[in-house]
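2 protein chains.
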Amino acid sequence: MAAWAERLAGVRGVLLDISGVLYDCDAGGGSAIAGSVEAVARLKQSHLKMRFCTNDSQKSRGELVGLLQQLGFDISEDEVTSPAPATCRILKERGLRPHLLIHERVRSEFDEIDTSNPNCVVIADAAESFSYQNMNKAFQVLMELENPVLISLGKGRYYKETSGLVLDVGAYMKALEYACGIKAEVVGKPSPEFFQAALQAIGVEAHQAHG
Amino acid sequence: MAAWAERLAGVRGVLLDISGVLYDCDAGGGSAIAGSVEAVARLKQSHLKMRFCTNDSQKSRGELVGLLQQLGFDISEDEVTSPAPATCRILKERGLRPHLLIHERVRSEFDEIDTSNPNCVVIADAAESFSYQNMNKAFQVLMELENPVLISLGKGRYYKETSGLVLDVGAYMKALEYACGIKAEVVGKPSPEFFQAALQAIGVEAHQAHG
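If you read the protein sequences in the order shown, they are chains A and B.
If you use my numbering, the first sequence corresponds to residues 1 to 211, in order.
If you use my numbering, the second sequence corresponds to residues 212 to 422, in order.
Just so you know, these hints were derived from the structure itself, not from any lab.
We put the beta carbon where it would ideally sit given N, CA and C, even for glycine.
A few of these clues could be false.
To be verified - Derived lysine to aspartate or glutamate pairs resembling EDC-like cross-links, with alpha carbons at most 20 Å apart:
| id | chain 1 | residue 1 | chain 2 | residue 2 |
| --- | --- | --- | --- | --- |
| 1 | A | Lys160 | B | Glu372 |
| 2 | A | Lys137 | B | Glu355 |
| 3 | B | Lys348 | B | Glu288 |
| 4 | A | Lys137 | B | Glu357 |
| 5 | B | Lys371 | A | Glu177 |
| 6 | A | Lys44 | A | Glu77 |
| 7 | A | Lys160 | B | Glu339 |
| 8 | B | Lys366 | A | Glu161 |
| 9 | A | Lys155 | B | Glu357 |
| 10 | A | Lys155 | B | Glu388 |
| 11 | B | Lys371 | A | Glu193 |
| 12 | A | Lys49 | A | Asp78 |
| 13 | B | Lys348 | A | Glu128 |
| 14 | A | Lys137 | A | Glu161 |
| 15 | B | Lys348 | A | Asp26 |
| 16 | B | Lys394 | A | Glu177 |
| 17 | A | Lys183 | A | Glu193 |
| 18 | A | Lys183 | B | Glu388 |
| 19 | B | Lys371 | A | Asp78 |
| 20 | A | Lys49 | A | Glu104 |
| 21 | A | Lys160 | B | Asp237 |
| 22 | A | Lys189 | A | Asp78 |
| 23 | B | Lys366 | B | Glu388 |
| 24 | B | Lys348 | A | Glu161 |
Claimed, not checked - Here are the in silico distance ranges between beta carbons for each label pair:
| id | chain 1 | residue 1 | chain 2 | residue 2 | range |
| --- | --- | --- | --- | --- | --- |
| 25 | B | Ser242 | A | Glu63 | 48 to 56 Å |
| 26 | B | Ile324 | A | Glu144 | 39 to 47 Å |
| 27 | A | Glu146 | B | Thr373 | 20 to 28 Å |
| 28 | A | Glu146 | B | Gly231 | 53 to 61 Å |
| 29 | A | Ala39 | B | Pro403 | 31 to 39 Å |
| 30 | A | Gly20 | B | Ile244 | 35 to 43 Å |
| 31 | B | Arg316 | A | His210 | 54 to 62 Å |
| 32 | A | Lys183 | B | Asp285 | 57 to 65 Å |
| 33 | B | Asp322 | A | His210 | 40 to 48 Å |
| 34 | B | Glu304 | A | Asp26 | 53 to 61 Å |
| 35 | A | Gln133 | B | Glu304 | 56 to 64 Å |
| 36 | A | Gln133 | B | Ile324 | 25 to 33 Å |
Unchecked claim - Listed below are several chain B residues computed to face chain A (Cβ distance under 7 Å; list not exhaustive):
| id | residue |
| --- | --- |
| 37 | Tyr343 |
| 38 | Val352 |
| 39 | Met354 |
| 40 | Leu356 |
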């Protein structure tokens with residue numbers, strides 16, 4: 001405990017990952033990782049500010065929080081930093097109208113975004129929607145742009161499902177990068193801007209945070 | 212013509228590409244490119260040795276040659292260097308048993324290859340077979356190997372179909388490379404070994420060849 005106290009000296013805020021830290025995702029939804037519900041409750045009672053950070057781009061924030069609440073976590077939507085809302089801010093700021101290659105379950109996050117006459121491509125963990133046809137469509141949109149912009153919600157290589165390891169969005173991002181000869185912009189961990197946005201939401205500076 | 216004569220001085224052999232050079236592929240099969248049937252006929256009458264080189268990994272060599280013959284080309288199977296037979300040689304030499312992520316139409320080229328208990332992955336232009344499910348399967352096979360070997364039949368970024376540009380095998384090769392943290396071995400153009408094999412087949416040295 002002394003080591004912990006030392007590590008936490010000067011710390012004012014904590015960023016917590018969700019998948020694989022608070023809960024494990026599975027076909028039925030997920031299960032809380034032992035001790036994590038209690039850990040979150042104790043952190044909430046402490047003087048530390050906290051924020052949940054996830055790269056999960058396969059569910060809407062509402063759906064994810066609903067699931068966590070069912071598992072017993074004290075968590076609300078406005079405590080979560082996730083790539084889809086961060087991407088929407090970027091799209092609006094830069095006047096970008098995306099072609100979306102995303103999971104149906106996360107489409108509601110982009111409800112307010114103009115997707116007519118696309119001038120960029122946004123990809124997220126689309127899972128089964130990463131068909132050859134859908135990848136070609138995204139590729140064609142990029143190739144028709146004078147300045148192709150590809151925004152990727154995270155760049156994970158793979159993750160674990162009940163059925164075994166499966167490819168994450170990063171693999172498909174690399175496929176499009178190579179085919180188009182471009183570099184994607186990554187929104188989500190490990191991008192510094194993403195962590196900054198999470199810290200800003202709780203009014204904590206980077207040197208005062210623990211992840 | 213003087214410039215050509217100069218360029219051809221000392222040339223004993225010619226390597227000819229097929230797709231996009233002899234014919235254009237389309238949904239109905241393909242059409243000969245203007246002048247190409249005659250050009251091949253004239254080259255055959257000359258003193259030059261010739262060999263056809265293709266990265267097309269979506270058709271078997273037999274199917275490709277049959278199509279070209281229908282279009283009027285004087286060509287036989289044993290005049291073609293293509294990645295699938297070259298890959299089969301490598302698999303046999305190194306005792307590799309592939310998990311195949313390939314187009315159904317090219318599967319016959321691997322008829323004599325042992326695919327039980329795979330210790331490598333071979334990918335080709337699988338087109339619609341590049342589903343999320345099939346990509347995950349190939350990925351899982353690689354991740355279970357102590358020394359993952361990924362062999363890619365070519366590394367093309369994209370090509371043109373009647374419907375527009377479509378992703379080629381190289382994009383999917385990059386996806387697997389990134390997810391597994393490995394580097395694929397490319398069989399086909401532009402690999403020097405592939406051109407060497409084509410030249411060897413006609414008994415010509417590299418400095419005596421024209422592509």
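Residue hint Leu356 of chain B, partner chain A, criterion CB-CB below 7 Å: Result: violated, 13 Å to nearest chain A Cβ.
Supplied distance hint 40 to 48 Å, evaluated on CB atoms of Asp322 of chain B and His210 of chain A: Once the Cβ atoms are compared, 59 Å apart, the range 40 to 48 Å for His210 of chain A and Asp322 of chain B is violated.
Given pair status - Glu372 of chain B, Lys160 of chain A, alpha carbons within 20 Å: 36 Å, violated
Thr373 of chain B and Glu146 of chain A - C-beta distance against the hinted 20 to 28 Å: With Cβ atoms ~25 Å apart, the hint holds.
Ala39 of chain A versus Pro403 of chain B beta-carbon gap, inside 31 to 39 Å or not: Because 57 Å falls outside the window, the suggested range is violated.
Pair hint outcome, Lys137 of chain A versus Glu357 of chain B [Cα-Cα no greater than 20 Å]: 36 Å, violated
Distance restraint between Lys155 of chain A and Glu357 of chain B, which requires alpha-carbon spacing of 20 Å or less: Answer violated: Lys155 of chain A to Glu357 of chain B is near 24 Å, above 20 Å.
Proposed proximity, Glu388 of chain B with Lys155 of chain A (alpha carbon, max 20 Å): 14 Å, holds
Supplied contact hint for Met354 of chain B, tested at 7 Å Cβ to chain A: 6 Å, holds
Lys137 of chain A paired with Glu161 of chain A [C-alpha distance capped at 20 Å]: 27 Å, violated
Agreement of Lys371 of chain B and Asp78 of chain A with the hint, judged by alpha carbon distance not exceeding 20 Å: 46 Å, violated
Consistency of beta-carbon spacing, His210 of chain A to Arg316 of chain B, with hint 54 to 62 Å: For Arg316 of chain B and His210 of chain A the Cβ distance comes to about 56 Å; the hint holds.
Hint compliance for this structure: hints 1, 2, 3, 4, 7, 8, 9, 11, 14, 19, 20, 21, 28, 29, 30, 32, 33, 34, 35, 38, 40 are not met, and every other hint is.
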